[in-house]
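J.: Residue numbers are given in the working numbering: position 40 of the sequence shown equals residue 40, and the series is strictly consecutive.
The hints are simulated quantities; they were obtained by calculation from the structure and are not laboratory data. Check before you lean on any hint, since a few could be wrong.
Label-pair distances were calculated between CB atoms; the ranges are [as the list claims (entries may be wrong)]:
no. : residue 1 : residue 2 : range
1   : Asn56     : Asn147    : 32 to 40 Å
2   : Thr217    : Asn56     : 38 to 46 Å
3   : Pro92     : Met142    : 16 to 24 Å
4   : Met202    : Gln53     : 38 to 46 Å
5   : Thr217    : Pro92     : 25 to 33 Å
6   : Met203    : Pro157    : 12 to 20 Å
7   : Pro100    : Ala20     : 35 to 43 Å
8   : Lys188    : Asp94     : 32 to 40 Å
9   : Thr217    : Met106    : 14 to 22 Å
10  : Asp31     : Lys64     : 14 to 22 Å
11  : Lys145    : Asn56     : 16 to 24 Å
12  : Thr217    : Glu197    : 19 to 27 Å
13  : Asn56     : Asp131    : 25 to 33 Å
14  : Thr63     : Thr39     : 37 to 45 Å
List of simulated lysine to aspartate or glutamate pairs, EDC-like, C-alpha gap at most 16 Å [unchecked claim]:
no. : residue 1 : residue 2
15  : Lys162    : Asp70
16  : Lys188    : Asp101
17  : Lys25     : Glu161
18  : Lys145    : Asp166
19  : Lys64     : Glu48
20  : Lys123    : Glu134
21  : Lys27     : Glu185
22  : Lys219    : Asp44
23  : Lys188    : Asp220
24  : Lys190    : Glu215
25  : Lys90     : Glu236
26  : Lys154    : Glu197
27  : Lys90     : Glu212
28  : Lys149    : Asp94
29  : Lys181    : Asp44
30  : Lys27     : Glu197
31  : Lys74     : Glu134
32  : Lys190    : Glu134
33  : Lys149    : Asp101
34  : Lys154    : Glu180
35  : Lys190    : Glu236
36  : Lys27     : Asp44
37  : Lys154    : Asp131
38  : Lys25     : Asp54
39  : Lys149    : Glu134
40  : Lys145    : Asp94
Note that this is a predicted model, so its numbers are computed, not measured. Backbone N, C-alpha and C fix where the C-beta goes; we use that ideal spot for every residue, glycine too.
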Amino acid sequence: MKKIAWLVCFIFLIGGLLQADYLIKQKTHTDAITMMGQTQPARDDQVEIWISQDLNKMATHSTKQSVIIDLTKKVMYLVNHTNKSYVPMKLPVDITKYLPDEMAQMIGQMVNSVTVEVTPTGKKKKIGQWDCDEYDVVMNMMMMKINMKVWATKDVPYSWEKVTQDMMSQVMAAQLRLNEKALQEFQKIKGQWIASETTMNMMGNDIRSTTEVVEITQKDAPPGTYSVPRGYTKKEKLSQEDLQKR
């Protein structure tokens with residue numbers, strides 16, 4: 001009788017895991033920087049990335065901002081928790097359609113100017129529990145140059161191809177203002193990003209930031225994970241404040 005009870009519990013446990021969502025926990029860091037007489041302190045944050053079991057929804061939650069994607073509705077929501085507002089964007093994302101009029105032309109030129117070159121280095125690195133491949137990334141954006149090292153793994157419990165191509169790419173397009181050619185170049189990175197080191201040169205100053213995944217688990221997402229919080233105000237355009245949160 002005990003064996004039967006244990007077997008039933010085991011079946012329910014396995015069944016629950018098969019139906020559960022995926023949670024990626026990530027830590028981020030940006031070094032302190034002094035520019036034009038103003039100093040910004042170093043910043044650390046924790047990011048939770050939830051992916052629905054059917055791989056049709058994804059929500060990235062940090063302290064000040066959330067990005068929610070729903071492939072069934074073909075929409076992405078950029079949520080600002082500071083002023084409790086959100087902007088819905090149609091997929092695939094064209095960020096210039098959601099910018100203030102005075103910024104649309106300038107950002108449009110920036111998007112069109114972006115070039116990206118991804119090079120596999122052939123090096124391997126163990127980060128946490130994941131065996132990762134290393135990539136060098138060079139991004140040029142008008143007068144800015146960004147150098148990145150990315151470590152990615154294919155050893156994840158979901159289809160990294162679908163998540164990367166259908167959802168992560170849309171987040172990158174919005175946050176990094178990437179054009180289609182640049183997005184295609186990023187597809188050369190095979191697997192889930194586990195860690196990255198980024199150095200951006202702006203006005204002669206180097207700005208360094210890092211990201212690292214610390215956990216990938218399966219569990220049920222809390223209610224509201226893939227929804228805009230109640231009471232938030234819908235906007236048609238991004239504000240200057242929204243852009244600074246990015």
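J.: A separate judgement is required for each hint: does it hold in the structure or not?
T.: Going down the list of hints, with the structure as the test:
no.	hint	result
1	Asn56 x Asn147: 32 to 40 Å	holds (34 Å)
2	Thr217 x Asn56: 38 to 46 Å	violated (20 Å)
3	Pro92 x Met142: 16 to 24 Å	holds (23 Å)
4	Met202 x Gln53: 38 to 46 Å	holds (40 Å)
5	Thr217 x Pro92: 25 to 33 Å	holds (30 Å)
6	Met203 x Pro157: 12 to 20 Å	violated (43 Å)
7	Pro100 x Ala20: 35 to 43 Å	holds (41 Å)
8	Lys188 x Asp94: 32 to 40 Å	violated (23 Å)
9	Thr217 x Met106: 14 to 22 Å	violated (42 Å)
10	Asp31 x Lys64: 14 to 22 Å	holds (18 Å)
11	Lys145 x Asn56: 16 to 24 Å	violated (36 Å)
12	Thr217 x Glu197: 19 to 27 Å	holds (25 Å)
13	Asn56 x Asp131: 25 to 33 Å	holds (28 Å)
14	Thr63 x Thr39: 37 to 45 Å	violated (21 Å)
15	Lys162 x Asp70	holds (13 Å)
16	Lys188 x Asp101	violated (34 Å)
17	Lys25 x Glu161	violated (19 Å)
18	Lys145 x Asp166	violated (27 Å)
19	Lys64 x Glu48	holds (12 Å)
20	Lys123 x Glu134	holds (5 Å)
21	Lys27 x Glu185	violated (25 Å)
22	Lys219 x Asp44	violated (25 Å)
23	Lys188 x Asp220	violated (31 Å)
24	Lys190 x Glu215	violated (19 Å)
25	Lys90 x Glu236	holds (11 Å)
26	Lys154 x Glu197	violated (19 Å)
27	Lys90 x Glu212	violated (29 Å)
28	Lys149 x Asp94	violated (26 Å)
29	Lys181 x Asp44	violated (31 Å)
30	Lys27 x Glu197	holds (12 Å)
31	Lys74 x Glu134	violated (32 Å)
32	Lys190 x Glu134	holds (10 Å)
33	Lys149 x Asp101	violated (35 Å)
34	Lys154 x Glu180	violated (24 Å)
35	Lys190 x Glu236	violated (35 Å)
36	Lys27 x Asp44	holds (7 Å)
37	Lys154 x Asp131	holds (8 Å)
38	Lys25 x Asp54	violated (19 Å)
39	Lys149 x Glu134	holds (7 Å)
40	Lys145 x Asp94	violated (22 Å)
Hint compliance for this structure: hints 2, 6, 8, 9, 11, 14, 16, 17, 18, 21, 22, 23, 24, 26, 27, 28, 29, 31, 33, 34, 35, 38, 40 are not met, and every other hint is.
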